[in-house]
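Trainee: Residues per chain, in single letters:
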Amino acid sequence: MYFKKNFNKSFNILLLRILIIFVFILVSFFIIIPLLPLFLKSFSDNKNNFIGLENFINYIQNPSLTQSFINSLKVAITTTFFSVLIGFIYAYALTRTRLPLKKFFNTFSLFSLYIPPLAVAIGLIYIFGKQGLITQGFFGTIPGFDINLYGFNGIIIGEIFYCFPQALIILVSALNLSDQRLYEAAESLKASPLRKFLTITLPNIKYGLMNSFFICFILSFTDFGVPKVVGGNFNVLATDIYKQVVGQQNFAMGATISIYLLVPSILAFLIDKNFQKNEASLISGKSIPFKPRKNLIVDSIMFIFCSLILILVIGVFSSIVLASLIKIWPYDISLSLQNFRFSNVAGNGYEPYFNTVFMSIYTAIFGTIFVFFTAYLVEKFKPLKKIRMLIYFFSTLPIAIPGLVLGLSYILFFNKPSFSVPFLDFQIFNPFSLLYGTMGILVLANIIHFFTVCFISATTTLKQIDKEFEEVSESLKVPFYKTFLRITIPLSLPTILEIGSYYFVNSMITVSAIIFLYPAKIPVSSVSIVNMDDAGDTASAAAMSTLIVLTSLFVRLIYEFTSRNVSKKSSVWINPLET
Amino acid sequence: MIKKEGSFKYLEIKNISKNFGETFVLKNIHLDVFKGEFLCLLGPSGCGKTTLLRIISGLERQTNGDIVQDGLLISNSPTEKRDFGIVFQSYALFPNLNAKQNIAYGLENKKINKKEIEKRTNNLLRLVGLEKYSDQFPSQLSGGQQQRVALARAMALSPGLLLLDEPLSALDAQVRSKLRNEIKLIQKKLNLTTIMVTHDQTEALSMADRVVVMERGHIAQIGTPFELYENPITPFVADFIGKMNLLKGKYDKKNCVFYYLNNRFLISQNTEYSFLENCLLGIRPEDIEIIKFRKNIEKEENILRVKIKEITYLGTIFRLTVVLESKLEENIFVDVISNQVISNNLKIGDFIDIKLKKEKIKLFESNL
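Chains as they are written, first to last, in the working numbering: chain A, 22 to 600; chain B, -6 to 361.
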């Protein structure tokens, strides 16, 4: 009756489906599937015989290993408590008070994000260690004070340094979402300050608070750098895995301990995810931002508090720099650059440094492309809903996978040239094994290790871009990839730069994900810090740390400069006409 | 259904249904749109009007039914293969492209040479009166100008069908009425078949050749603005298009009398009122007259004695809210020319007599 045009199949939709499935395969192979050999390994001995739960039973029966589990929990709970507390007070000071020099405190609060946890620990040695500035009273000029750094105390201080800025970032953005009108309404109803805090402030930030608990718990539960350097005899799970794998080549036990490390992290992740599901925006688009009033007492207390925190952060950094410049601490305190030669035992000269810089550049480039494209496919299109939801879930998972566990699972997965199919005498070539022993696997491990934060930030930005742009393009017969290149990318440029710089900085400072993975011919700087510290060459370790921090800060400066230029250029689109 | 002379069915919507799980959004929609016609889908939010528009565009897929455009079955065609242009409520202008680039966006993807694109873009800019603003970015344009860019962009590929999704609702009142006329003029000039979704009845009545009133996923009534206003077929349409007082009572078919409480109203003979007994009497506020207060009102037809509860000033008219003393909670609205209120010195609490014009009274089946 009617002419039926045979154009029901659309090339674009087909292409889109293929791309979504392709990305699904990639995230599966990079995130989920490598965990399977790790699970298998934990059920077998070192000759790959299946032995059931024997490893787990051996673990529980070994008192020194179970002690590590308890130690890790102790560290994580204590660190989480203090990091969130300090982070909250600092964030409150930045957002809800008239703190003097707010801009300065804001900028420098995140300074410790650029210091690798390893370097923080080394800095702590020079302050609180046996020959430390405080312990020895500034080279004997004043009475000393020993805090017993090596062990629990040192780990806690180091981890708080590492975790507190993470809590701070989350809590500042939670506290920034405020509505002045709610406080005014409460005031008109004669509510006391405490009542306002309990009924308005706390409920508004409960999701941020919960999220910061979760992040701090996972980071401190799984961190390797700090306990490695200042842990002394206080063993934790992360250092145990390292000892089993690197020290004893016992991969089976390494895998078993990894499971003990992974399970609490995943549990914390699921609890947080379940909690965040109920998040509904309590602040409407019409809300008026909170304007703090002057309060001399509160403002002064906050000023003193924030100053103390900053003095500690800057103190740790300065002591690293100082240590790297001093000839032989504490015997010859004249300044020299000899520690920057890296010619000693574990040195390798500047090779590790440049390897790390290149690794970080590759991670920044490929990671940003991959993460942004993944978020774009998940966020902007309608086909294959279930697969897109799975990609989303997989993408949020890496934050709960400890770096060491990721590294170990990558070795077990990527070093296999082929897989045997169960019950069939059949081998499948593993194309990913080609990456093994190359820089590629380091880059990939970094991309996945830091994937979640980048993915969430890309998704958030893409959500803010009108979904109707894609629909308009369809109606104008313009294929989606042209709109992606011409509209979506330019509009997301600030976030893309942010993701790139995040990837770069974190790849510079990370150690846990790559310590098992780096090929002997490609030494990296964070691993050489571990090795130099192990060899007693702490001054060179401090020098390498200094280089890493300075490089990260330099890249961050370039980022700030570029993004300011970008926003200047794009301000004509963003700032609406003043009428 | 009226068929305009010389025009043909351009778009046929046949038995379209849409449900999300158990909930029906659209139920068995039949609709023909004629070539060059301006059709409005009108209804309260949630009535399914936007969903219907999105199904026509292919951005949403129907659960059942077919769509035929210009003799071609397009029910399952992807959006990009359908022949239409669309303007969204938010305009969805690309913020990083200027007005000209926005309009040329679809043209640049076609294999047309640059000169031709330039020419057509300039023509479109002229058509919507924005020649001077071609280099401005959307954020530098006013709401009305942005709307015109969106309109020009939607028309750039010379589509056979123009879809407008609440295109004017983000604009302030003055710009809105100006744009109404402009859109209508352009549409007529190009003889472009157009479907517009709106919840604003004034907009629908002033722009559309025909209006489709939708209610909870189905079509309540289709007609010209005049037909809808003068002859609404359901109380919903009556009260949605303009304002109508609805009084519940009993109808005596034989004597053509409607009983409301203790009052009788004579109704014009009308064979269409086949229903019996319980029904609704409808009368528009402007079809009620105020008459001078009289002693013996029983002798006159269709008169009620009421008390003024509220007086609202609406410019050229006053709207009075009046009530019967025997039923204080039921408001009856009466529109009166301003100087009549002033010269009679009407005040809240006054008693007046009102007369329902017999020939203007409608009866509706009561579902209540």
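To be clear, the hints were calculated from the coordinates, so they are not data collected in a lab. There's no promise every hint is true.
[What the hints assert, rightly or not] If you want the footprint, here are the derived chain A segments under chain B, 3+ residues with CB under 8 Å:
| hint | stretch |
| --- | --- |
| 1 | 62 to 71 |
| 2 | 274 to 285 |
| 3 | 426 to 434 |
[Stated by the list, open to error] Restricting the straight-line Cα-Cα distance to at most 25 Å, the calculated cross-link-like pairs of lysine to any residue (SDA-like) are:
| hint | chain 1 | residue 1 | chain 2 | residue 2 |
| --- | --- | --- | --- | --- |
| 4 | A | K590 | B | Q133 |
| 5 | A | K498 | B | S70 |
| 6 | B | K74 | A | I41 |
| 7 | B | K2 | B | Q133 |
Given the structure is predicted, the values throughout are model-derived calculations rather than measurements. We put the CB at the ideal spot given by N, CA and C, even for glycine.
Trainee: Confirm or reject each hint.
Mentor: Verification of the hints:
Coverage of the stretch 62 to 71 of chain A by chain B is violated in this model, with 0 residues showing a Cβ closer than 8 Å to a Cβ of that chain against a need of three. A stretch counts as covered by a chain when three or more of its residues have a beta carbon under 8 Å from one of that chain; for the stretch 274 to 285 of chain A and chain B the count is 0, and the coverage is violated. Counting residues of the stretch 426 to 434 of chain A whose beta carbon lies closer than 8 Å to any beta carbon of chain B gives 0, which falls below the threshold of three, so the coverage claim is violated. The straight-line distance between the Cα atoms of K590 (chain A) and Q133 (chain B) is roughly 14 Å, inside the 25 Å bound, and the hint therefore holds.
Between K498 (chain A) and S70 (chain B), the direct Cα distance comes to roughly 13 Å. Compliance with the 25 Å bound is thereby established for this hinted pair. For the suggested pair K74 (chain B) and I41 (chain A), the alpha carbons sit about 22 Å apart, so the restraint of at most 25 Å is met. Between K2 (chain B) and Q133 (chain B) the alpha-carbon distance is near 41 Å, which puts this suggested pair outside the 25 Å criterion.
Taken one by one, the earlier hints fail for this structure at numbers 1, 2, 3 and 7, listed in ascending order.
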